Amino acid sequence: MQRRIAITGVGQGLGRSLAHRFITLGHTVCGCDLDGGAIAQLQQQYAAPHQFQSDPFQSRLFQSHLFQSVDVTRPDQVNAWAESILEQGAPDLLINNAGYTPPMAAFWDLPAVEFDRTLAVNVQGVVNVLRAFLPAMVAQQRGIIVNLSARWGRQGAANAAAYCASKWAIEGLTQAIALELPAGMAAVTFSPGAVHTHALEVVYGAEKAATYPSPDEWAEQAAETLLAIAPEQNGQALP
1 MQRRIAITGV GQGLGRSLAH RFITLGHTVC GCDLDGGAIA QLQQQYAAPH
51 QFQSDPFQSR LFQSHLFQSV DVTRPDQVNA WAESILEQGA PDLLINNAGY
101 TPPMAAFWDL PAVEFDRTLA VNVQGVVNVL RAFLPAMVAQ QRGIIVNLSA
151 RWGRQGAANA AAYCASKWAI EGLTQAIALE LPAGMAAVTF SPGAVHTHAL
201 EVVYGAEKAA TYPSPDEWAE QAAETLLAIA PEQNGQALP
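1 is the number of the first residue of the sequence shown in the working numbering; add one for each residue after it.
To be clear, the hints were calculated from the coordinates, so they are not data collected in a lab.
Since the structure is predicted, the reported quantities are computational estimates derived from the model, not experimental observations.
A hint or two may mislead.
[Claimed, not checked] Distance ranges between label pairs, derived from CB positions:
| no. | residue 1 | residue 2 | range |
| --- | --- | --- | --- |
| 1 | D35 | M104 | 21 to 29 Å |
| 2 | D116 | E232 | 16 to 24 Å |
| 3 | G37 | R74 | 16 to 24 Å |
Cβ coordinates follow ideal geometry from the N, Cα and C atoms, glycine included.
Sequences are here, hints too, so could you generate the full structure?
As structure tokens, then:
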């Protein structure tokens, strides 16, 4: 069955690879990113309505993909993006992927602007997206919400206080929302593990990061996992 999927942070890394994989599988993707140049590339690459690829007997065309430049820390921009999607109905799958990884440093050495930026993107950005989409999703009493977390959202790590704080917040937020959702919906966190992204290079350095799977390699399996999430998994921390 074809799904409408809304996903933040599609300009690079995990988000871009997930968007591509979902589209390859025949789903409609509505994505956003702060990087206007990356969004322009996606708009050009996926300009035409796509055909449902997983069923060779399906011939009708579906709604075009939608990509917009959005700063998730700006509620006005998030709301405008959400409204353009909700005109066609609430998404079946909402993925909060956009994130920021600050430089590795002891808590007292990390500039306040870096700490604040991390919380603004990783926490308030997720809150803004959830506020924009949840009322419509709850009204139709179906849909899956996936908030990307990390191992450091489930255990502490030296020199990563800001990032840990942001992801621990997402874990708690998701568990609370899960208790409020009606039957037929689910909110989960999803830890992608170690993948060779810019964020991993910030943590491990480019040489070590390059030894891990690429975003495209990761997305082949991750997309299937995300599409298979069921209401019965509400509140779980995955994988």
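To see whether the hints hold, each was checked on the structure:
1. D35 - M104: 21 to 29 Å: With a Cβ separation near 23 Å, D35 and M104 satisfy 21 to 29 Å, so the hint holds.
2. D116 - E232: 16 to 24 Å: violated (38 Å)
3. G37 - R74: 16 to 24 Å: holds (18 Å)
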